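Kindly produce the complete structure, drawing on both the sequences and the hints.
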Amino acid sequence: MNNVLLEHFFPPKERFSPPPSLRPHNSVPPLMTEEIATALSKCSPTSAPGPDGIPYSTWKQVNKINASILLQILTPLVLLGYHPASLKSSNGVVLDKPGKPSYESPSSFRIIVLIRTFSKILERIIAARLLTAARLRGLLHPNQCGSLPGLSTYDACLTLTNDVKTLQRPRLKVSSVFLDIKAGFDNVDNNTLARILREGGYPPIWFPGFRLS
Numbered sequence: 379m380n381n382v383l384l385e386h387f388f389p390p391k392e393r394f395s396p397p398p399s400l401r402p403h404n405s406v407p408p409l410m411t412e413e414i415a416t417a418l419s420k421c422s423p424t425s426a427p428g429p430d431g432i433p434y435s436t437w438k439q440v441n442k443i444n445a446s447i448l449l450q451i452l453t454p455l456v457l458l459g460y461h462p463a464s465l466k467s468s469n470g471v472v473l474d475k476p477g478k479p480s481y482e483s484p485s486s487f488r489i490i491v492l493i494r495t496f497s498k499i500l501e502r503i504i505a506a507r508l509l510t511a512a513r514l515r516g517l518l519h520p521n522q523c524g525s526l527p528g529l530s531t532y533d534a535c536l537t538l539t540n541d542v543k544t545l546q547r548p549r550l551k552v553s554s555v556f557l558d559i560k561a562g563f564d565n566v567d568n569n570t571l572a573r574i575l576r577e578g579g580y581p582p583i584w585f586p587g588f589r590l591s
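For any residue, its number in my numbering is found by taking its place in the sequence shown, counting from 1, and adding 378.
The set of hints was computed from the structure by calculation and includes no laboratory data.
These figures come from a predicted structure and were not determined experimentally.
Nothing false has been slipped in among the hints.
Here are the simulated distance ranges between beta carbons:
{"id": "1", "residue 1": "Asn-380", "residue 2": "Thr-544", "range": "46 to 56 Å"}
{"id": "2", "residue 1": "Ser-464", "residue 2": "Glu-385", "range": "19 to 29 Å"}
{"id": "3", "residue 1": "Pro-548", "residue 2": "Ile-574", "range": "33 to 43 Å"}
{"id": "4", "residue 1": "Ile-451", "residue 2": "Asn-404", "range": "17 to 27 Å"}
{"id": "5", "residue 1": "Gln-546", "residue 2": "Arg-515", "range": "31 to 41 Å"}
Just so you know, even glycine gets a beta-carbon here, dropped at the ideal spot from N, CA and C.
Below is the structure:
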């Protein structure tokens with residue numbers, strides 16, 4: 379059963395070789411202590427740490443005592459556009475889904491992946507920069523609510539309700555389709571994502587490890 383779960387949750391993936399050389403990107407804005415503080419403020423101190431065993435509360439205390447420590451460590455990674463493989467290791471915890479009639483199938487389980495907290499801080503900083511760039515370039519749909527600060531499911535419901543009522547006023551018939559895409563994030567094609575970023579005007583630093591064929 380262990381082998382079945384491993385094959386289900388950790389299918390073989392194509393490994394990308396690290397770049398032969400790393401050069402700073404002069405167009406990248408310098409990392410600011412405010413960005414680090416904002417990323418840390420969104421990290422729960424009760425979240426379980428990854429392989430390094432360092433909780434977010436430790437990094438928050440470190441940043442509170444001396445903000446230059448994280449700044450000096452993270453700045454080269456941001457300028458080089460490089461996320462070291464050593465920061466991508468994780469612990470996978472397999473949990474059973476309650477109420478299943480049988481637990482002989484991997485679909486009766488779910489996995490929680492715990493990565494290094496330091497890596498999550500870096501990811502939050504880059505995600506915030508990507509969000510800002512996407513807004514400036516008009517790449518986000520006006521009704522996009524998920525994964526955006528200040529917007530929630532409540533806003534999505536209000537938007538849907540408004541659209542339905544607007545169409546019902548002239549006595550039009552309205553129907554809605556809701557899609558639940560399984561494992562969508564894990565199956566994003568790197569080439570397609572890189573092409574979209576490139577066409578959207580993103581600098582190559584945002585996708586240095588992708589093949590741009």
